[in-house]
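Please build the complex by placing chain B with the ligands on the supplied structure of chain A, with the hints as guidance.
Note that the protein sequences, when read in sequence, are chains A and B.
Numbering follows our numbering, in which position 93 of the first sequence is assigned residue number 96; successive positions increment by one, without gaps.
Numbering follows our numbering, in which position 194 of the second sequence is assigned residue number 231; successive positions increment by one, without gaps.
None of these hints come from the bench; they were simulated from the model.
On a predicted model such as this, the values are computed, not experimentally measured, just so you know.
From the three backbone atoms N, C-alpha and C, an ideal C-beta is built for every residue, glycine too.
A portion of the hints provided could be inaccurate.
Unchecked claim - A few chain B residues facing chain A, derived, Cβ under 8 angstroms: (1) 41; (2) 75; (3) 88; (4) 170.
What the hints assert, rightly or not - Simulated restraints, written as ranges between beta carbons of each label pair: (5) B/39 with A/58: 31 to 37 angstroms; (6) A/83 with B/303: 49 to 55 angstroms; (7) A/57 with B/191: 33 to 39 angstroms; (8) A/143 with B/185: 43 to 49 angstroms; (9) B/329 with A/74: 38 to 44 angstroms; (10) A/158 with B/321: 29 to 35 angstroms; (11) A/143 with B/329: 22 to 28 angstroms; (12) A/118 with B/294: 39 to 45 angstroms; (13) B/96 with A/83: 31 to 37 angstroms; (14) A/22 with B/192: 26 to 32 angstroms; (15) A/33 with B/78: 18 to 24 angstroms; (16) B/300 with A/20: 52 to 58 angstroms; (17) B/279 with A/98: 50 to 56 angstroms; (18) B/210 with A/156: 38 to 44 angstroms.
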Amino acid sequence: MNHILKFNLNGDPVEVTVKSNEKLLDVLRDKLGAVSVKFGCGVAECGACTVLIDGLSVRSCITFAVEVEGKNVVTLEGLQADGPTKIQKAFIKHNAFQCGFCAPGFIVSATELISKNPSPSEEEMRHALAGNLCRCTGYQNIVNAMNEVAEDNRKGDK
Amino acid sequence: MENFRYLKPATLEDAISGKSEYGSRANFLLGGTDLLIAMDKGVVLPDAVIDLKGISELKYLEERDGAIYIGAAVTWTELLESELIKKYVPALWEAADLVASVGVRNTATLIGNICNAVPSLEGGAPLYVRNAVVFLEGKSGKREVVIQDFFTGVKRTVLGDDEMVTGLKIPVEAKFGEVYIKMGRYEGEDLAQAGVSVYVDGDNNYRIALSAVAITPVRAAKAEEFLKGKKLNPELAAEAAELALEAIAPISDIRSSKEYRIHMCRIMVKRGLAACVSRMETGLPALSTRLI
Ligand SMILES: Cc1cc2nc3c(=O)[nH]c(=O)nc-3n(C[C@H](O)[C@H](O)[C@H](O)COP(=O)(O)OP(=O)(O)OC[C@H]3O[C@@H](n4cnc5c(N)ncnc54)[C@H](O)[C@@H]3O)c2cc1C
Ligand code: FES
Ligand code: FES
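This is chain A alone, in the form it adopts within the complex (with noise of 0.2 angstroms):
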């Protein structure tokens, strides 16, 4: 079965025809040209295919295309249209990504946890992003990149 499918990728109506058994993240990938979506597992375990949907971090891995009619999906491009964000110039000062192809789910995880929590403790983030997987780094500079985000939001509120 084939669908129009229309929704707003990263602020811009798109239209696309997709059949009922295309996933978010290929349609993403290869018919929208999102490229930083990745697939790492294909079933939900590595949290490489992240992308935000009306906010909420979902795996597109797992996700059909036609179930986003309508809906607001966010991908690392449209994070960062006007430029690096904070969280990612903090990745980028502590090294917190080797080879790179988990930072783009990373940072979808860690802008959704940050905006739901500007400043988690460690623990709190370590929780929030158990479901991204990096093979490079050991995630200790990802939690320090993360503890600097967390660090400047906490004096900012001050």
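Chain B with the ligands only, in chain A's frame:
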């Protein structure tokens, strides 16, 4: 994955009539975190997928008439963010916090969890100790099934081919303490090797449920009977834990050996008993304290 017909009804009525048309050849879709993986593996190959997320009647989470009502479309994240759940069903709250990861919890639901009915399901034990009542609706009408009667085996439930679960209710209790403990290998994606929920009320009535250690979650009736009316002490807890083991029949699999599961269930029941009594009396330990 084969192509299929995707339906997104706006009402319960349309969803049920769609399901009756296709019967076992259609699957309902909530978060899809079990369904898509089964479809990818080719284990489930529906001709039609009926997405329930457009039905506003399924999106309730409220306290009414002495019970907490949870609609089918409520996600684990929404349960975690609910003060009602935290206050009135804290063991379910703790279970929610341990399901997969944020990215899964944002779409996955408690109702999808029980409908999928794997033995390791996080939603099982916390609902068992509260005698939750599941709402079913199909072509021939509505019925209510207490959670202990809902599961009939591994990935099997009492649901008929034309039926769906629309939600469930959990009775509100005045004075009680409860806890859910998950044994898993790591955080973020792992299913439980074993899960234990323990509940106590102000008259020293105890309820103990275990999951991932039999084909469905189980209540430890002998242990509950043994403890009934008694004030807990470490010796009683140890004896009750031994009795609780009589209710389980764990297997060895990739996640754990049978022996390890039995050993850990004994410890989890003991600590769970102590924790729920102390929660009832003092409010401590705080939610999500690591007990193992
Ligand atoms: C990486 C990963 C980690 C996971 N970790 C955990 C974990 O730690 N603990 C845990 O318990 N589970 C875990 N799961 C399993 C899954 O996320 C949960 O079981 C989840 O709660 C399922 O809910 P859902 O809304 O996604 O269900 P869906 O996949 O939408 O549905 C599940 C099944 O129920 C049927 N169904 C859906 N709605 C209804 C209805 N209203 N009436 C009748 N049938 C219906 C569907 O057709 C399908 O067969 C994990 C899954 C993944 C992919
Ligand atoms: S590719 Fe989606 S979680 Fe790994
Ligand atoms: S930087 Fe290589 S996977 Fe994380």
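Each hint, compared with the structure:
no. : hint                                 : result
1   : 41                                   : holds, 5 angstroms
2   : 75                                   : violated, 11 angstroms
3   : 88                                   : holds, 7 angstroms
4   : 170                                  : violated, 29 angstroms
5   : B/39 with A/58: 31 to 37 angstroms   : holds, 33 angstroms
6   : A/83 with B/303: 49 to 55 angstroms  : holds, 52 angstroms
7   : A/57 with B/191: 33 to 39 angstroms  : holds, 35 angstroms
8   : A/143 with B/185: 43 to 49 angstroms : holds, 46 angstroms
9   : B/329 with A/74: 38 to 44 angstroms  : holds, 40 angstroms
10  : A/158 with B/321: 29 to 35 angstroms : holds, 33 angstroms
11  : A/143 with B/329: 22 to 28 angstroms : holds, 26 angstroms
12  : A/118 with B/294: 39 to 45 angstroms : holds, 42 angstroms
13  : B/96 with A/83: 31 to 37 angstroms   : holds, 33 angstroms
14  : A/22 with B/192: 26 to 32 angstroms  : holds, 27 angstroms
15  : A/33 with B/78: 18 to 24 angstroms   : holds, 22 angstroms
16  : B/300 with A/20: 52 to 58 angstroms  : holds, 56 angstroms
17  : B/279 with A/98: 50 to 56 angstroms  : holds, 53 angstroms
18  : B/210 with A/156: 38 to 44 angstroms : holds, 39 angstroms
Hint check: violations occur at hints 2, 4; the rest are consistent with the structure.
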